Each structure stands twice: as structure tokens, then as C-alpha cells.
Amino acid sequence: MSKFTVPIGPQHPLLKEPLSFLVSLEGEKVTSSILRLGYVHRGIEKLAEQRTYIQNIYLIERICGICSHIHSTTYCQSIETLLKLEVPKRGLYIRMLLCELERIHSHLLWLGVLAKNIGLNTLFMYAWRDREIVLKIMEEISGGRVSHSVNIIGGVRVDLNETHLSLLQKSLQELNSRVEEILHSIENDRSFQARTRKIGYLSLEDIKRYCVVGPVARASGFDIDIRRDTPYAAYDELNFEVPLMTEGDVWARSILRILETIQAVRLCTQIIHNLPDGPVSIPAPRRVPAGEVVSRAEAPRGEVFYYVRSDGSQNPARLKVRTPTLTTLITLPGQLRNMQLADVSAIIAGVDLCIACGDR
Amino acid sequence: MSTEKAVIKLQDVLNLGRSATKLMPINEVEITISKKQISLAVKTILKSGIWHLSAITCQQLEDDFILLYHFWKSDGLTLRVRLDEKNPQIDSICPLIPGAEYYERETREMFGVEFLGLPNPIPLLLPDDWQGGYPMRKKEQPSQDKPKDNNRQQKGKSS
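Heads up: the protein sequence lines correspond to chains R and F, in order.
Per our numbering, residue 1 is the first one in the first sequence, and the count goes up by one each step.
Per our numbering, residue 1 is the first one in the second sequence, and the count goes up by one each step.
Read the hints as simulated data drawn from the structure, not as lab findings.
Please read all numbers here as calculations on a predicted model, not as lab measurements.
There's no promise every hint is true.
[Stated by the list, open to error] Partial list, derived from the structure: chain F residues whose beta carbon lies under 7 angstroms from chain R:
| no. | residue |
| --- | --- |
| 1 | Glu-28 |
| 2 | Val-29 |
| 3 | Leu-53 |
| 4 | Gln-59 |
| 5 | Phe-65 |
| 6 | Gln-89 |
| 7 | Pro-121 |
[As the list claims (entries may be wrong)] Derived lysine-lysine pairs resembling DSSO-like cross-links, with alpha carbons at most 27 angstroms apart:
| no. | chain 1 | residue 1 | chain 2 | residue 2 |
| --- | --- | --- | --- | --- |
| 8 | R | Lys-208 | F | Lys-138 |
| 9 | R | Lys-46 | F | Lys-47 |
| 10 | F | Lys-43 | F | Lys-138 |
[To be verified] Pairwise CB distance ranges, derived in the manner of DEER restraints:
| no. | chain 1 | residue 1 | chain 2 | residue 2 | range |
| --- | --- | --- | --- | --- | --- |
| 11 | R | Ile-34 | F | Gly-132 | 48 to 58 angstroms |
| 12 | F | Asp-129 | R | His-273 | 54 to 64 angstroms |
| 13 | R | Leu-22 | F | Gln-89 | 22 to 32 angstroms |
| 14 | R | Gln-193 | F | Gly-132 | 47 to 57 angstroms |
| 15 | R | Gln-50 | F | Asp-129 | 40 to 50 angstroms |
| 16 | R | Val-242 | F | Pro-121 | 35 to 45 angstroms |
| 17 | F | Gly-133 | R | Glu-241 | 25 to 35 angstroms |
| 18 | F | Pro-98 | R | Glu-139 | 24 to 34 angstroms |
For glycine and all other residues, C-beta sits at the position ideal for the given N, C-alpha and C.
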């Protein structure tokens, strides 16, 4: 059988962001693939060492264009720990609200990308139409559709008023019914199943060996969720389920993400019903005492990890970011092996890559 | 608590005193070990049922490099290794945890720490023809001006 190599990326219609795959084929079958990152590497960890703690909030948010809020949340959380600040409950709830809205937006965006990659254009349009509802809420609350700049050290800079709450209530109900409709149609759609079942398989063993996190890990039966296991913000006060599946293929990841979206909508409803009164932030001192801190949070794609070391000066001495995409990227060559070339697009979309996060 | 058990087991296996541990904020225990103990320490941690490595952080303190291996299972467990030579080297933990490959490759490129036994020691983030040293080291300063594109274009035309 003829052997040849197909370059996918750095610029490719299949990919939202630049990433390079060199896929070796034997006929239609993938035998091996080489992955290269770094096309959107901006050196953010190094830049953070040159900026003050407050400037860094806005730098950190630019790591990712999809999950910008979770980055600044984790960062502010770590600085607040160093400062031993007690953030007001209302501030934490608004932070969580934005986190969950972002999860809905990210999952719907991803669903659209997957649908487009496997040729289901109607689903793509439905998913992105519904995503618009979330974006509108976020724009109403923060003024920005994807970069919100809501977090400050010591809380958040925006407060929710009656208009926001009524808009949220109305939109969340609508979202809930729309996402359930999508779930129903996907579960029963034969062409969706044909394109996603039994491809990109990852066993529970692989998940543990490669330290994979987030929906990809949960779709293979690895029960990990930072919100539940190491609660941050005020997640210990909320009730939610962590969906778990065992099939470990693209189909399981899709269903799991939609179930998660439904959970996120419920979480948002819970948050606005239990929103405490009081201030949204407290003033934070400018100078951060020397010390080290590790902070974790559950981004839409899984655990995001921050390490900050302060030496008492106005800039952090070291800021380390590990994003969930790095953990899933390493499994991709294994997932692609022995797959058909036509399935490559579904597998790449299925793990929900965020290259800007991975490169930093 | 599995992390506590793992910490005690680590201290016993590596002959460390109880004082080698330090608490960091947010449920985080830190253990300082020597660089020769890294494989044994990781094996012990894996045996205690902690298999999730969150990240490897490298940083430069004066002339030394500090490597932090952040493990997690409900609580965090961090291994601290100090590399005090001019050409820092340490055993790769990829044979034990394949998921550490990208973390080690990134550290290798950015700080110049050599991981012995790293399965795929090619650039991950930096360009193949990168000649700018190790960007994350303290002495390296990010350039303030724009990249010099003119040179590249001229080269392209002449060749």
C-alpha cells in the first residue's frame, strides 16, 4: 500500500488556531503523527515577570480567547491567598456565575466546531445560535463578549442589578430547553453516531498515564473535577453533579459536554437564586508578601494550574501556567493511530483543543 | 487522606526527616528531595495511588534551578528539587509518567535543564532554528522593540 505524509497545519481550515500535525498514512490509515506547537507562543510567563500584579490580571486574560475568565479567576485566587484576603461572598458568586457562563459558551462553541468538522452544518448553526444567548448575557454584565476583565484582586469589578437578574432568568430558561433539545437530537441522530462512535478511543489506563483532565478524562471514566474535589470560590455551597461516562470515544465526550452544559445552566440558576447581599470586592494592598502559592480551578477543558512565587517586590518572581490543553494534546498521536484519515477531523475537534492556551 | 499517607511513606522510603516538609497554602504539602531521589520518589508516589501530575515548574533562584513536581489527588503534593550545577541535569520521569513529556520538553527549551532519558528531545514551542538561548532564564530580557522582519525578507529574496 502506498505510504505518504499529509501536513495538517499550521494553517489549515480544519483548525481554529495554528497547530502542526504531520500525519503519516498507509492508504487511508494513519500510522503515526508528529505534533508541533508554538505557533502562538507569546511568552506570557516571562512577560508576567516584567509586569505588576495588577497589570498581570489583564495579561493573563489574554492567554485564551475562549476561557479568559477562568485564567484571571485562578490568578486572582492565588494572589488573594498570598495576601490572605477574604473575598466577599457576593464577589465569589459573581465570579462563579461568569465561570459557568463561560463553560456554557465554551462547550457550545466546541459543539459547533465538532459539528462543522464532521459535516453537520445544521447542528453547527444551532449550537452557535444558542451560544449567542450566553455571549449577550456576558456582554450585558461585563461589557465584553469574550474578554470580560471582571476579576480584580479582592473580588470583582461589576455588580449584578435587577435588569441583569431578570435577563439571566429569562435567558437561562431558554438555554436550558435549547440545550436539552440538542442533547435529544444528538442522542438519536444516526449520522452523528456514525461519525463519532468508536473513534479517538482513550482507555482509563491512558488517561492516568498521560495525566489527562477535564471532559476528556471524564468521558473515559476518570472521575476528576476540581470544583468538587478541591472546592475553590464558593463551589462547596452549590449542588451539582459531575457527569461521568465510560466509552472514552468522541461520542462520549460530546454527550458528556452537553450534560455538563445542562449542569452549568443549573448552576447559574442556583447562583442567581442564592446570590448573597453585600459588597463585591474588598480593597487589596498593592504589595504582595513573599511566598509561594499553588492554585487550581476547573476550566471548561479541565484543571488549570497556577503557581505564583512572590519575592515581595511589585512583580511576581515566577508565574507558571499549565493549561488543560497540554494534557490532552499529548494523547492525540495515540488517538489518531490506526484511524481513517476522514476521522482525523472529528478526533481533533473531539478533544477540544485550545492552542492559545497550550502555547501561552 | 491519601496525600498524608503518601507523605509519610515518602519520608520513610527516602530517609527524610519529618522537617523536610513544608505547607503551602490551599491544601498543598511540599517535600524537598535531592536530585538522585527523583525516580524513587515518583515511584513511591505512584504506588500510593497518586497518579496525577499537574505540572512541572522550573524557576531560577540566583544561580540554581528549582524544579517543582506538582502532584494532585484532592490535595496537592509538591516535590522540590534543587539543581545547583552550571549545566543542570536530572533524570526524566517520562518512563514512569508518560504525561510528563511535554512539561519536561518545555522546561528543557525554556530553561536549558537537561532531562536524561527524555524520549523525544526536539523543540516543542520554540522554532527549529532558534538561536536565542533559553528565554525563561533570568538574564534573558524580552526585547522591547519589534522583531526585525527586514533581515528575513532580504534573506528570502537573495536565496
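These are the hints, each one checked on the structure:
1. Glu-28: holds (5 angstroms)
2. Val-29: Constraint on Val-29(F) not satisfied, violated at 10 angstroms.
3. Leu-53: This hint holds: Leu-53(F) lies near chain R, its Cβ roughly 5 angstroms from the closest one there, short of 7 angstroms.
4. Gln-59: holds (4 angstroms)
5. Phe-65: violated (11 angstroms)
6. Gln-89: At 21 angstroms from the nearest chain R Cβ, Gln-89(F) fails the 7 angstroms test, so the hint is violated.
7. Pro-121: Given a least distance of 14 angstroms, the restraint on Pro-121(F) is violated.
8. Lys-208(R) - Lys-138(F): Not OK: Lys-208(R) and Lys-138(F) at ~34 angstroms, beyond 27 angstroms, violated.
9. Lys-46(R) - Lys-47(F): violated (35 angstroms)
10. Lys-43(F) - Lys-138(F): Violated. Lys-43(F) to Lys-138(F) sits at ~32 angstroms, over the 27 angstroms cutoff.
11. Ile-34(R) - Gly-132(F): 48 to 58 angstroms: violated (23 angstroms)
12. Asp-129(F) - His-273(R): 54 to 64 angstroms: 57 angstroms Cβ-Cβ, so the 54 to 64 angstroms window holds.
13. Leu-22(R) - Gln-89(F): 22 to 32 angstroms: holds (30 angstroms)
14. Gln-193(R) - Gly-132(F): 47 to 57 angstroms: At roughly 49 angstroms between Cβ atoms, Gly-132(F) and Gln-193(R) fall inside 47 to 57 angstroms, so the hint holds.
15. Gln-50(R) - Asp-129(F): 40 to 50 angstroms: Since Gln-50(R) and Asp-129(F) have Cβ atoms about 26 angstroms apart, the given range 40 to 50 angstroms is violated.
16. Val-242(R) - Pro-121(F): 35 to 45 angstroms: holds (37 angstroms)
17. Gly-133(F) - Glu-241(R): 25 to 35 angstroms: Cβ of Gly-133(F) to Cβ of Glu-241(R): about 49 angstroms, so the range 25 to 35 angstroms is violated.
18. Pro-98(F) - Glu-139(R): 24 to 34 angstroms: violated (42 angstroms)
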